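Novice: Chain residues, written in single-letter form:
2 protein chains.
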Amino acid sequence: MLKIGIVGVGTVGASVIKILQDNKEIITARAGVELRVTKGVVKNLNKKRETDIVLSTNPDDILDDKDIDIVVELMGGVDEAKKIVTKALKNKKNVVTANKALLAYHRYELEALCKGNTLAYEASVAGGIPIIQALKNGLGANHIKSIRGIINGTCNYMLTKMTNEGVAFEKVLKEAQELGYAEADPTFDIGGFDAAHKLLILASIAYGIDVKPEDILIEGIGDISQEDILFAKEFGFVIKHLGIAKTVGNSVSLRVHAAFIDKNEMIAKIDGVMNGISVVGDKVGETMYYGPGAGGNATASAVVADLIDIARGTSNGPVFGFKKSLEQGLKLAKKDDITSRYYIRFEVEDKIGVLEKIASLMAKFNISIETFLQKSKKETATLLFVTHTAKEVDIQNALKAIKSLDFIKSKPVMIRIED
Amino acid sequence: MLKIGIVGVGTVGASVIKILQDNKEIITARAGVELRVTKGVVKNLNKKRETDIVLSTNPDDILDDKDIDIVVELMGGVDEAKKIVTKALKNKKNVVTANKALLAYHRYELEALCKGNTLAYEASVAGGIPIIQALKNGLGANHIKSIRGIINGTCNYMLTKMTNEGVAFEKVLKEAQELGYAEADPTFDIGGFDAAHKLLILASIAYGIDVKPEDILIEGIGDISQEDILFAKEFGFVIKHLGIAKTVGNSVSLRVHAAFIDKNEMIAKIDGVMNGISVVGDKVGETMYYGPGAGGNATASAVVADLIDIARGTSNGPVFGFKKSLEQGLKLAKKDDITSRYYIRFEVEDKIGVLEKIASLMAKFNISIETFLQKSKKETATLLFVTHTAKEVDIQNALKAIKSLDFIKSKPVMIRIED
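Heads up: the sequence lines are chains A and B, in that order. According to my numbering, the first sequence is numbered sequentially starting from 1. According to my numbering, the second sequence is numbered sequentially starting from 420.
The hints are simulated quantities; they were obtained by calculation from the structure and are not laboratory data. Hints may be right or wrong, so weigh each one.
[Stated by the list, open to error] Computed list of lysine-lysine pairs in DSS-like fashion (alpha-carbon distance at most 25 Å, straight line):
1) A/115 / A/83
2) B/652 / B/688
3) A/18 / A/145
4) B/652 / A/323
5) A/18 / B/742
6) A/233 / B/682
Owing to the predicted nature of the structure, the values given are computational and were not obtained by experimental measurement.
The whole structure should be built from the sequences, with the hints applied where relevant.
Specialist: Listed below in structure tokens is the structure:
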């Protein structure tokens, strides 16, 4: 029997305990030994829980227990979790974590602490989808040309609702909060930070690249309106919030933002709270992984997969898929060097000379227009542009210049087009 | 360095060699050691090949070579391949195979020969999609409620063409043959046998069940016409050829056939030669895996994934995912016990009393009609039925009885509806 201690018995932790009980026979048959949660750490001992495991408020009750084989860290947060995982690894425990924030900041320090013991984290990205394993093992033959992931269920739920039902952002957000798909403070999800953490974990497996969240472009979905969604529809696109990794020569562009994608692409078809990750390898081509990205049972399913892997003795591969460093690894591309087609929306006063002024500033920054659409109502007009391939730095400079013009009514909206 | 011998250096074998050369640096970094193909076995030594590995026509040159660590079997076929894999395993080689027919018939005998050495077969199902690994590890926490796989690219290509372009079966088949998506003798693909082999491999991982192709229901796509496709469209369905595993109580239904599926399901959206497998677990819910199911590079990508796994020392898990047998495993459900809604098409003489006769025979076999549509042209009529949930045995008996009636012009077509 393998004994497991869970630090942070919340929704996911309770699901782990329940799955190991409900599916005990088949999990034992697959793992070869019984997996049993014997201890849990919680913040509040007085809260009523449906479990008979030994609970305490002190992580050391698990970390210092010689009988505990595997520590499952489900407390979330960065600093405290780091201390606990660090101590667990130093104490030669195997560790399973679902903590994407922890890994986004400290994954390489933690990897360095593994000395034959395991640090597993299938649950940290895209919940129930075994994407970590797919990237780490299944696609190992390939140079990964791109990853495009719908890896935040809140954003995808909201964009889907806005697209299918024509509902405004604020209203959908409220609905999402009522349904439990968005937090009371939704910034972490809809601001793109959650997706960024997950993207960095995937990027480590694909490229062996050590990058922190603050190094990459992170944008959310707060600026997207029905205007943008309708325009996308009209031109055969869907707006999705994506975590993107893309190689360009010897560098890799890592970024999180909403994007126009062709409605015929498989990831364009992933709706609601579901997650999906498209990975293009130089040899295999595109593969795509779809499933529930959150929820107690889905996340716990991934945690238990890691536990089974440890029990089978097959979890000792390299933590992020690289046994040795690449001699010539990829560098992080500069944000300014992104090239893309861009969709831009301006709300302007409807008066003579406006279009000319905007067009001339675009030209000044080497931005060439592919499509233009104007929609007027009363004294204001909405100007919608799609550019030919342009450089991010030029777009940003043009937007800065145009934004300050007196006839601009609100912050211009720019959405990149993922071709 | 790990030395590899390939038995059967054809398209896939050549791709394996090329991938290991092209991506040598990153594969070595991931595997920890260099993977090098040093020997190959071919049928014809005189054929010109772009490789400098040592070739022979005798498999024993690889199997008896003490320097060879891994035998990759890519020759296909059952009997000869079985001898070779058996000898390789007995000689303590690790074996990687892409041979689904071999595994469909002899997987448990071969598993029994593994004594600490590996039998890996990621490439045997759905080419470049790491579905074996996903089922074996990633979803291990779950009872698998269902698997529905588009696992034959030829069938999917043909059905997609027929659906999107309204082209007749025979014409699409000819096109598929010209494009290399279908063999000169296409029976193995379009008759459903290829999909059946793959399904049985997946079923072993999901359920630990030992079943041979002749034990299960296997149907192809040869009877499907534009009439059926148009009817499907009209009612919000798409016709796909599926490998299906589905638990019902203590048994599992395994079958391969065309089916109506709701056009909004993710697997309904998989078009062309692409493959995709939807797996529903009792805890995680639905996950779906999409990608190229065939082709030299895609298949070789999966072979190399297995090689990396072996090099890392993480390939020693249970061959089909079970360390121990299940005490109460699932039994194979009888074909007769399938329950489903059914779509049925009759071509009949357009005369008085025909519908009454058919309807009364349906009623006699407890088949209740949900939807009925009649299309007449000249002296013939097409009768299209959708039934409420019925039993397979009743449907088969009703079809048998109706088929022999004098006004029936051609073999009735029946397609199950996967709800």
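Novice: Does each hint fit the structure? Answer for all of them.
Specialist: Outcome of the hint check:
At roughly 17 Å between alpha-carbon atoms, residue 115 of chain A and residue 83 of chain A fall within 25 Å of each other, so this suggested pair holds. Distance check on the hinted pair: residue 652 of chain B and residue 688 of chain B sit about 13 Å apart at the alpha-carbon level, within 25 Å; holds. This hinted pair does not check out: residue 18 of chain A and residue 145 of chain A have alpha carbons roughly 39 Å apart, beyond 25 Å. Straight-line distance between C-alpha atoms of residue 652 of chain B and residue 323 of chain A comes to about 51 Å, which puts the hinted pair past the 25 Å bound.
Restraint check for residue 18 of chain A and residue 742 of chain B: satisfied, since their Cα atoms lie roughly 22 Å apart, inside the 25 Å limit. Between residue 233 of chain A and residue 682 of chain B, the direct Cα distance comes to roughly 20 Å. Compliance with the 25 Å bound is thereby established for this hinted pair.
Violated hints, listed in ascending order, are 3 and 4; each of the other numbered hints is respected by the structure.
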